[in-house]
Every structure is written in structure tokens, then in C-alpha cells.
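K.L.:
Since each chain sits alone in its own frame, please combine them into the complex, following the hints.
Quick mapping for you: the protein sequence lines, in order, are chains W and U. In this text, residue positions in the first sequence follow the working numbering: the first is 1, and each later residue adds one. In this text, residue positions in the second sequence follow the working numbering: the first is 1001, and each later residue adds one.
Treat the hints loosely; a few may be bogus.
Below 30 angstroms or equal to it, Euclidean Cα-Cα: the simulated BS3-like pairs (lysine-lysine) are [stated by the list, open to error]:
id, chain 1, residue 1, chain 2, residue 2
1, W, 129, W, 184
2, W, 141, U, 1413
3, W, 102, W, 131
4, U, 1413, W, 102
5, U, 1338, W, 141
6, U, 1338, U, 1325
7, W, 124, W, 102
8, W, 127, W, 153
9, W, 153, U, 1325
10, U, 1317, W, 141
11, U, 1317, U, 1338
12, U, 1413, W, 114
13, W, 127, W, 114
14, W, 141, U, 1112
15, W, 102, U, 1325
Listed below are several chain W residues computed to face chain U (Cβ distance under 7 angstroms; list not exhaustive) [unchecked claim]:
id, residue
16, 50
17, 52
18, 74
19, 78
20, 79
21, 84
22, 93
23, 94
24, 95
25, 103
26, 107
27, 108
Beyond 10 angstroms from chain U on every Cβ pair, some chain W residues (computed) [as the list claims (entries may be wrong)]:
id, residue
28, 2
29, 12
30, 20
31, 25
32, 30
33, 57
34, 66
35, 92
36, 133
37, 150
38, 217
39, 225
40, 234
These are computed hints drawn from the structure, not numbers from a lab. By construction, the Cβ of each residue, glycine as well, lies at the ideal position given by its N, Cα and C atoms.
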Amino acid sequence: MALLEIKNLHVSVGGKKILNGISLALNAGEVHAIMGPNGTGKSTLSNVIAGRDGYDVTEGQVLLDGQDILAMEADERARAGVFLAFQYPVEIPGVTTSAFLKTAINAKRRAEGKPEIDAMEFLKLVKAKQKLLSMPDDMIKRALNVGFSGGEKKRAEVLQMTLLEPRVAILDETDSGLDIDALKIVSEGVNTLRGPDRTFLIITHYQRLLNYIVPDHVHVLVGGRVVASGGKELAEQLEAEGYARYLSAA
Amino acid sequence: MKQSALLDHPFGARYAAALPAADAARQDARETLALEGLPGPKREEWRFTPLRGLAKIPFIPAASADDIDVCDLPADVPRFTDAHRIVLVNGVYRADLSDTASETGLTVTEAKTPDHGVDAPLAVLNAAYMSGGVTISVRGVVAKPVHLVSIGAAGAEPAAFHPRLAIAVAPAAKLTILETHHGLPGQPYFSNPVTTISVGTAGVLRRYVLVREDSEAFHLATTVADVAADAKFDAFHLGLGGALVRQEISVDFVGEGAAVRLNGAYALMGRAHHDFTTFMNHDMPNCTSSQVFKGVVDGESRGVYQGRVLVARHAQKTDGQQLHKALFLSRGPQIDCKPELEIYADDVKCAHGATTGELDPDHLFYLAARGIDPQAARLLLVQGFLADALENVDDAVVRDILSGEISGWLMRKASA
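Chain U on its own, in the form it takes in the complex (with noise of 0.2 angstroms):
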């Protein structure tokens, strides 16, 4: 990579120095992030989401601060009630707030080291600092489903952590489970997951993910999912809150016949940035990719979605569909929209659409002729543009808990 490309960044060795002395791998991974550094603007993948702003702040480890204090849940964390309840902050499991109880098929267990490498520039920053999190096992069907519940804070400095999430599920095997990540106001933070996911011959995970971090906080995830034959991955992401967020999800088919879905949907004000970078690589005959993405976007804000499908010459009979819709709220927002297909095969069916619009006067006049007054007329239309994404979700419990941040979001707007 040349020169031109890099960007100076606190995580060299200062941020070393602050942590005790690297196992192995974390030292390999320290020393490729030293020679390849944070993406820049020129980096293709990373023009639409400049990394400037999060490289000037000072962080620290998170785990080197001793001023950090969470004892509790935070009241505005939504409460999966019927799951297993599985709580990190600052990326490190913590016993004393989660509440596994046993159920069979199911193994979770904190994740030590940086096992699985990734590729992806932010997971090497991951993998040279890797500070905490769980592998989580599924054998059979588990019948209650999970709820991960992420909580960033940083002391009186900034502060970043680097969890590792691994996800399991064995063939056959049936899983649920429920992301949220949440944050304390402050100093900002930094949370840098990297996930791992495996689905078996015909097993079945789905995995929602919630994303709304405190507003000054930057939230950078990379997900990476080997699908294998006849298998199910469906997968829903909300992004409603973070300075800076972006959901990197990349899939390899490894299977026949397998199907995913990733679905997602954002809303953002202010200054807010998100970005969504899928990446389905389609090498095996037989499968299918669904993509459908809607964002709404008000004040200054910046929405991002590049998805790519690679089609290799062997994938015949692949189906990969993707579509991104963004609705404006105002004139101050971008939007960038890049879907890729790259297709070797010459039978498969493929497309992606992508519509940029502002709320219907139709619509807007609709409403209006029934006596609503123009605000609670938009307010409607714009939960209704979001609530249609999450047609998508099949778990009733979770699709009311989306909702319901959906509407908690509505209102963070309609007051700020």
C-alpha cells in the first residue's frame, strides 16, 4: 500500500506502552497495523467514511483506566425479557451483570485471545489490542435467545476497546440472538468489535444488531460469516446513534444452497456519520443473497452504503438481490450509495436498486386532509418509511424492541 494512504493514529506506542506486554498474536497484529496504519481517504473501501477525526483523539485503553465505573445497566437499555442476558463493558464480559442461566446446547465463554485472523484494517487495530469478549456455542436448538448487551464509557481521557465476538452455531443448529450496543455520555469512546461467525450445514442463525451509541462516540464493527450448505444466516442492523458508526459485514458462501439475509435500516441527525459495507462472496453454486437497506437522514448527516457481490465462475444458479432506499429529511444530508456486482457465472440473477426521495406530498396531503397537523404527519410518515424495514425482522420481541427504539429515536429528534 503506498505512503499516501496512511494515517498517524494514537494506537502506536503509546497506547502499547499503557497495556502489559503482548501475547504472540497480538504482537503480529501490532506489527502489521505499525507497517499498514488506519485506512485513509484513499483507501477505496474507506473514501466515504473518513477515519481523521477519530485518529486526532488521544485514546487510551479503556482497560487501563482506573476511573471508569459501571456497576449497573443503564435504564435505557432495552430489556429482553426471556433471554439469556449476556453484558460487556468496555468490551470485557462481566459476570456480575449477566444472567445465563444454563440451558443445554448453549456454551458461552470469554474470549482470551485474537484466535480467528481478519483481514479488515480495523481488525488488525482488534487484533493488536484485542481486550475482552465471548465465543458463543450453539449445539441443537437453543429456544431462548440472547441478548448481548455492549457499554462503551471512557474515564476523564477517551477511551477504545477491541472485544471479539465469536458465534458459533453447529450443524443443524438453531440460534437468536440480540446485539445492542449502548454507551455513557463523557469523554468519548471507541468501540472497535470484531465478530466471527460460523453457521453449519443447515443451521439457522438469526442476529439482530442494534447499534445506538452515545452521540460523541465511534463505533467501528467488522463482522466476518462463513454460511455453509443449506444453512440460514438472517441478520437485521439498526444504526440510530454514534458520532461516527460504521457495520462492516463481509459472508462467505462455503456451502451449497445456503441463504442470507442482511437487512438494515439507520436514522441520523446532527452531524451523525453511518456506513454500512456488506460484502457477499457468492463461491458456491445455489445460493442466495438478499440485501435491503433503508436509512433516514436530517441535519448534516452522512449515510454510507457500499455493498459488493462477488459472483465467482462456479456460483451458478446464485440470486443476489440488493436495494437501498434513503429518505431525506432536509437538504443538509449526503448520502452515498455504491452497490457492486461482480458476477464470473453466466446464470444467475442478480440486481440492485437504490432510490433517494423526500416524504411524498401525496402522502403528506393524505394525512393533512385527515387532520393531522403537518409535524405529527411527518413524524408518521417517518416511522412508517423505518417500521417497513423491519418487516424484515421474524422475531416478534425483537421487531417491538426496534420499534421501540425507532420511536425513542423520533423523539430524541423531535426534542433536540
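Chain W extracted, bound-state conformation (with noise of 0.2 angstroms):
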């Protein structure tokens, strides 16, 4: 059984269809690109995934050990494993990073039965994962991505990614406004985390991410659907040729 499954998917948003009967299988162990011009429903397909209001699931499921979460809040998805690295992160004033980080870690113990995290290990663990991805160790006590540049904004979702531990973790659009410096950490921080108990999904509009986290199966979606899908060579071709063909078929 695939880990997560998304089966014949359709999706609209305010009476216009934007997905249009997607079905992808992920493996644990799996990475999984997803490219595709702007406005095809890349980003569309991550919010549906990760329970964001406003969209209208017309048809279809997504599956995660077998279980539809479509019913299931946001949140609960997120504590069953399911994580999403936002293209754009929201600042939010007056909430520390580290008051934030040790809520999601807790909840997450929490619904897995276990006691909260102490502040010594938080900080401990923090400070560690933050080496990884090269950040200051005072970010955690700044407010949550409030005054962060782009590069810190990623390097803090990736962040959250390695504290949380999801088993699908999704990156929507992850490489956009990183430098090819941050673009390394930020990539070797994914790659550290994968392995045969998780399965990612990267959303992306350029191969150039993909040069760093190696996926092993590329997906085309053009209008709402899975036009092609192949190995990583599809996204060289892709690189090399743009999407011209696909959008003509289209």
C-alpha cells in the first residue's frame, strides 16, 4: 500500500475546476517532483493535501495508509504526519519561533502519547537542527518569521520539518527566492531527512531544485491534470525543452 495516495482527485475553487482528476500513488521511501506551469494547480493540490479551507473537493480521495483524510481538520492531518512547507510563510508578530516550535512539537507528542517536551531537550534539540541548516541560534527568539528573509523563511520551514518528523512532507515551491547558497542547505536538509519511512512531494517550476534533491519520479501537471510522468531525466528534458509541448496537448 502506498503511504499516501491521491485517487482521481477533482477539485474547484469558487465554481472553477482546477484539478482535474489527479491520481498519484507515493511510496515511503519516495521522492516525488511535481512540476508544471504557473496556475496549473501545483499549489492548489499541496492546500487540498494539507486541509486548507476554500476548496471544493468535486471528486475523489487522498489516501494515507490507506485512510481518506479529506474529513479530517488541518490539524489532525498534521499531527497523522502529514506536512506542508509553505511557498509563502506567514509572519506573525509577537509569537516567538520557540514558543511556536514547542506547541507543534507537543502537539504532536501529545497525540502520540507522549509527555511534553522539557525545555532543556527543546533547546538542545533546537540548537542542534539549526546548525544543520546553518541558522543563528537567537532566530528561535525572534518572532515567527516576522522581519525573516526569504532564505530564512525557507531554512525555518525546513527547520520545522526536521523537528516535526512528518512521514509526507510536501514543499510547495520551496526553491523560490533562494540563492544557490541557501538553496544547498536548504536541499541538504531535506536529504538528511529522507528515508524509507517517508515519502516527499516537491512542488516545483524549475529542474534547478531537483539538481540537489534527486526525486525518483517526476510528474508533468498541466490544466489540472498528470499530463506526463517519468524518471529524473524527464525534468532535464523539461529543462531543456519548457513545457511548450504539454501546454499544446493541453
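P.N.:
Structure follows, in C-alpha cells:
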């Protein structure tokens, strides 16, 4: 059984159809990349899996371990192991990164029947993970994402992913706004999380990120449909040829 | 004033009869009070904060009640370690509960008479029945901050008290003061303090005020401040409790180059009412005033912000800013926000802004996507909204105390 299975997913937003029957099976241990031009439904797909309001699922299922998660609230899905790294992480003044991280870690631990993390253990853990992502220690004292540069925001997303150890990690345009150094650091962070119990769905416009996070499968999304699937060579081909031939076919 | 603006109130002959004969200052004020009464809803400055409920309660002077016994500091009063502590019970200085080790430059004396005339209507009531208080004078730099604790308590009958506080900061002197206002549950009490502040040339006063009165209590505070040349007056006010609370602050700029920050926050639930009314009287050139007030409202509460900035013709290069932000946690509350700019000078920088809104769905989704349930997410965001206001509190120890008070409010709300 696939860890995450998307079956014939149809989604509308405000009466307008965005996804037209997407089916994907993501097995544990695999990294899948979804590529496509702007406005083809890539972010819709990630938001629907994560449980954002405002999307109308008219048909289909999203199964985690064979269980449909579409009826679950976003926070329940997250505790079940779904993680969305946001394209545009929100800035929340007044909420320190550290208070936020602790609340999120404890939400997960409670769901797993574990006791809350103690303060020392928390600081040690965060410090170690921050080092891995070349983040300054004092970043967690700052308000969540407030005044962070584009690169810092994306690193903070990967830091959260590293701390929450999700089973399904969705990266929505994580490469946008990153310079090459930040891209490498973020990719390394993701690569250290790759493992037999986890699957990744990497949504990107460009092939660049996939040089660093090498996918097992690449899917091309055009007009709310998967129009082609292949190995990592498909990404290279798209980089060379563009989306033109898929666009004309769609 | 028109008769229709008057309000019948309990502070007449019956109230006076419970007290010893008045001195001349008090007698004058009683005559003014008899003529002018308490402000009714037709007085513009009191339009959003009706005193009808207060005026119906048959208060007696707290000083005349013999069944009020406060012999300890209540456990929930925040402890400001390494600070001078001045405790007032029903407005009266209590040496037995206070702890003011002598420090060079700091003088604390009991206030006996309402010697500074203050025109505001509640200040007239205060002068008529002034029943205690303290004068704090500072020369040089006072290293240890001052924590002034006010405890209100009624006995078998509702009780009122009218203390005078005076804070005088000499030229080039510095003081940090935290005032916290609390009370005991029981019959309603009414705290009606008047505070007069003067900050001398190049002096610095940091004043932090917490109002967490009992949920049945009334707290109507009037503060008037004179700020001299190159002086700094930095104030933060937090309103977290009381049935009806008004913090009215007016500032006179009496020298050039003075800088004033009046910031504040309030959080209301149930039927609580909180009013910040401010007046910045820019009568000197090259002064700055900045105001940021934030409120969280739930239940059927009501929040008021009225801020008036007056810039005289000769007060060139004035910088006057005001901002009010309100966060609604439900549909029931009401916010009245009235910023006013009255500018007669032509080279000034003045602005005001106001926003109201609910919790941002994008913020809620972000927290949900990290596994945080809706209730915890709302708590985190409300705390963040208020904590953001505390960024303006420079003193780290005070900031921690106020932050703890905000957490306490959120816990009371969660269990209400």
C-alpha cells in the first residue's frame, strides 16, 4: 500500500475547476517531484492535501496509509504526519519562533501519547537542527518569520520539518526566492530527512532544485492533470524544452 | 454646562456625612462637584463610557467602613523583586505592607491634601473626597525601580476611595515605576486615583501601569503630566480587569525637545468596559509624541480609545503619531475609536491610524498545518497580538511581569 495515495482528485475553487482527476501513489522512501507552468494547480494540490479551507473537492480521495484524510481538519492531518512547507510562510508578530515550535512539537507528542518536551531538551534539539541548517541560534527568539529574509523563511520551514519529522512532506515552491547557497543548505536539510519511512512531494517550477534533491519520480502537471510521468531525466528534458509541447497538447 | 449633562450620583451629602469635616481645598471641590456633578452621556469625552451604572451604586467612603481588613498582600499580586514597594489599601499608604529601603534621591511621603488643581470631572470628585496617596520625588538616578501596589476592597457595603499620587522627577533625574492595581472580590469598590506627574528638564520617567481590578470593580484614573525640555516620559498601560475602567492621560509639553510615548493594551471579556482617553497638548516646538494602543475584545465587552492631539501654532516640528488596533474574538463586542488631530502649526508630522479585525485565517491555517489545534492556535495568536504591544516596554523585568499577566488573563478566559 502506498503511504500517500491520491485517487482521481477533482477540485474547484469558487466554482472554477482547478484539478481534473489527479491520481498519484507515493510509496514510503520515495521522492516525487511535481513540475508545471504557473497556474496549473500545483499549489492547489498541496493545499488540498494539507487541508486548507476554500477548496471544494468534488470527487476523489486522498489516502494516508489507506485512510481517507479529506474529512480530517488540517491540524489532525498534520498530527497524522502530513507536513506542508509553505511557499509563502506567514509572519506572525508577537509569537516567538521558540514558543511556536514548542507548541507544535508538544501537539505532536501529545497525539503520540508522549509527555511534553522539557525546556532543556527542546533547546538542545533546536540548536542541533539549526546548526545543520546554518541558522543563527537567536533566530528562535525572534517573532515567527517576522523580518526574516526569503531564504531565512524557507530555512525556518525546513527546520520545522526536521523537528516535526513528518511522514509525508510537501514542499511547495521551496526553491523560490532562494539564492544558490541557501538552496544548497535547504536541499541538504531535506536530503538528511530522506528515509524508508517517509515520502516527499516536491512542487517546483524549475528543475534547479532537483539537482540537489534528486527525485525518484517526476510528474508534469498541466491544466489540473498529470500529463506525463517519468524518472529524473524528465525534469532535465523539461528544463531543456520547456512546457510548450504539454501546453499545446492540453 | 447644561443641566441635562448632569447625572445624579451617590457622592453628595450622605457620602460627605460619613467623613470628618473637610478642609478648604476639599470643600471647594465639593462645591464644584455639587454644581457640575458627574459627566453624563451628553459630554463628548464621556459619550462612550457611561457612568449610569456607577452612579446607581450607593458607595460609602472606604475610609468610613470599619469592616475592611486587609493585612496581607494578595497572593496574585505580581512580585517585583529588587524594587521599592509602596502599598496602598483603598488609597491609603500602608507602611506595614510596604518595603522602601532608603535610597539616595528617592523620597516617598504620604499625600495629605489635594494640592494640585486638576480640572477633569473625576479629578474634582477626587479632590472633594481625597483620602490618601503618596508623593514620590526623585533626584538623580534612582537605580531600583518602584512598585506601587493598589489594593481595593469593600466591606458589607460598596466602597469608594480617591487617592492622590504625585510623581516628581527632578531635572536630569531618572525613575522607573510600575503601578499595579488589584482588588478583592466582594461588594463593588470604586478606585478613583488622580496622578500628577512632572518630568524636569532632561529627566526620564518610565511609568508602567497594570489595571487588573476585581471583575465587579470600577477604576477611573486621571493622570496629568508636565514634560519639560528634552525630557522623556515613556508610559505603558495594560488593562486586564474591572467592570468599568478608564485610564485618562493628558500630557502638557512645557519645554522643547521632549519625547513622550503613551502605549497600552487591553483585553476584555464578559461585559467588561475599558476606555483609554488621551490628550497630547503640544504647546512647544520640536516635541514628539507616539501612541500605540492594542485591544483584544470578546464576549459583550466594549473598548474605547479616544486620542486627541493638539498642536499649537508655535509648536513647529511636532511629530505626533497615534495608532489603535483592535482584535475581535467574537461578534458581540464593540469598539469605539476616535482619534483627533487639531493642528495649528504648518510644519508638523502627524498621523493617526486605526484597524480592527479578527484572527487572520492564514495565520490559523499555518498553525493548523503544524498540528496545533484551533483552540491552542487562537490562544497563541491572541497572546502574540498582546505580546507584540509589550515590545514597547523597555524594562525587561516589567515586560516579563506584564507578559505573565497576559497569560493569566488568557487562562481566566479559557476557564470562564
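K.L.:
Now tell me, hint by hint, if it's right for this structure.
P.N.:
Going down the list of hints, with the structure as the test:
1. Distance check on the hinted pair: residue 129 of chain W and residue 184 of chain W sit about 16 angstroms apart at the alpha-carbon level, within 30 angstroms; holds.
2. Taken as a hint, the residue 141 of chain W and residue 1413 of chain U pair is honoured in the structure, with Cα atoms around 26 angstroms apart against an allowance of 30 angstroms.
3. Distance check on the hinted pair: residue 102 of chain W and residue 131 of chain W sit about 18 angstroms apart at the alpha-carbon level, within 30 angstroms; holds.
4. A distance of roughly 22 angstroms separates the Cα atoms of residue 1413 of chain U and residue 102 of chain W; the hinted pair therefore holds under the 30 angstroms criterion.
5. This hinted pair does not check out: residue 1338 of chain U and residue 141 of chain W have alpha carbons roughly 35 angstroms apart, beyond 30 angstroms.
6. Restraint check for residue 1338 of chain U and residue 1325 of chain U: satisfied, since their Cα atoms lie roughly 12 angstroms apart, inside the 30 angstroms limit.
7. Between the alpha carbons of residue 124 of chain W and residue 102 of chain W the distance comes to roughly 12 angstroms, so the proposed pair stays at or under 30 angstroms and holds.
8. The straight-line distance between the Cα atoms of residue 127 of chain W and residue 153 of chain W is roughly 17 angstroms, inside the 30 angstroms bound, and the hint therefore holds.
9. A threshold of 30 angstroms between alpha carbons decides the hint, and for residue 153 of chain W with residue 1325 of chain U the separation of about 26 angstroms falls inside it, so the pair holds.
10. The suggested pairing of residue 1317 of chain U with residue 141 of chain W is violated, with an alpha-carbon distance near 37 angstroms, which exceeds 30 angstroms.
11. For the suggested pair residue 1317 of chain U and residue 1338 of chain U, the alpha carbons sit about 24 angstroms apart, so the restraint of at most 30 angstroms is met.
12. The straight-line distance between the Cα atoms of residue 1413 of chain U and residue 114 of chain W is roughly 27 angstroms, inside the 30 angstroms bound, and the hint therefore holds.
13. Restraint check: the Cα-Cα separation between residue 127 of chain W and residue 114 of chain W comes to about 22 angstroms, which is no more than 30 angstroms; the hinted pair holds.
14. Of the pairs offered as hints, the one joining residue 141 of chain W and residue 1112 of chain U is violated, with about 48 angstroms between alpha carbons and a cut-off of 30 angstroms exceeded.
15. Distance hint between residue 102 of chain W and residue 1325 of chain U is fulfilled; the C-alpha atoms sit about 28 angstroms from each other, no more than 30 angstroms.
16. At its closest, the beta carbon of residue 50 of chain W sits 5 angstroms from a beta carbon of chain U; the interface hint therefore holds under the 7 angstroms criterion.
17. Hint on residue 52 of chain W holds. Least Cβ distance to chain U is approximately 5 angstroms, under the 7 angstroms limit.
18. Below 7 angstroms, beta-carbon pairs count as interface contacts, and residue 74 of chain W has one with chain U at about 4 angstroms; its hint therefore holds.
19. Against a cut-off of 7 angstroms between C-beta atoms, the interface hint on residue 78 of chain W holds, since the closest Cβ of chain U lies about 4 angstroms away.
20. Checking residue 79 of chain W against chain U: minimum C-beta separation of about 4 angstroms stays under 7 angstroms; hint holds.
21. The restraint placing residue 84 of chain W at the interface with chain U holds, with a minimum CB-CB distance near 5 angstroms, inside the 7 angstroms limit.
22. For residue 93 of chain W, the suggested interface contact is upheld, since its CB lies about 4 angstroms from the closest CB of chain U, less than 7 angstroms.
23. Because the closest C-beta pair between residue 94 of chain W and chain U is about 3 angstroms apart, less than 7 angstroms, the hint holds.
24. Nearest Cβ of chain U to the Cβ of residue 95 of chain W: about 4 angstroms, under the 7 angstroms cut. The hint holds.
25. With a cut of 7 angstroms, the hint placing residue 103 of chain W at the interface with chain U holds, because the nearest CB-to-CB distance is about 6 angstroms.
26. Hint on residue 107 of chain W holds. Least Cβ distance to chain U is approximately 4 angstroms, under the 7 angstroms limit.
27. The beta carbon of residue 108 of chain W is positioned within 7 angstroms of a beta carbon in chain U (closest approach about 5 angstroms), and the interface hint is therefore held.
28. Residue-level check passed: residue 2 of chain W sits 22 angstroms from the nearest beta carbon of chain U, beyond 10 angstroms.
29. Chain U leaves residue 12 of chain W outside its interface by the beta-carbon criterion, the shortest separation being 19 angstroms against a cut-off of 10 angstroms.
30. Consistency note on residue 20 of chain W: stated as away from chain U, and its beta-carbon is indeed over 10 angstroms from all of that chain's, at 25 angstroms minimum.
31. No Cβ of chain U comes within 10 angstroms of the Cβ of residue 25 of chain W; the nearest lies about 23 angstroms off, and the non-interface call holds.
32. Every Cβ of chain U is farther than 10 angstroms from the Cβ of residue 30 of chain W; the closest lies at roughly 22 angstroms, confirming the non-interface assignment.
33. With a minimum CB-CB distance of about 16 angstroms to chain U, residue 57 of chain W clears the 10 angstroms threshold, and the non-interface call stands.
34. With a least beta-carbon separation of about 21 angstroms from chain U, residue 66 of chain W lies farther than 10 angstroms from that chain, consistent with its non-interface assignment.
35. With 10 angstroms as the threshold on Cβ separation, the claim that residue 92 of chain W sits away from chain U is violated: the shortest Cβ distance comes to roughly 6 angstroms.
36. Look at residue 133 of chain W: its CB is around 17 angstroms from the nearest CB on chain U, clear of 10 angstroms, so calling it non-interface holds up.
37. Its beta-carbon lying about 17 angstroms from the closest one in chain U, residue 150 of chain W satisfies the requirement of being farther than 10 angstroms from that chain.
38. Residue placement check: residue 217 of chain W keeps its beta carbon more than 10 angstroms from all beta carbons of chain U (closest about 24 angstroms).
39. Every Cβ of chain U is farther than 10 angstroms from the Cβ of residue 225 of chain W; the closest lies at roughly 26 angstroms, confirming the non-interface assignment.
40. Consistency note on residue 234 of chain W: stated as away from chain U, and its beta-carbon is indeed over 10 angstroms from all of that chain's, at 29 angstroms minimum.
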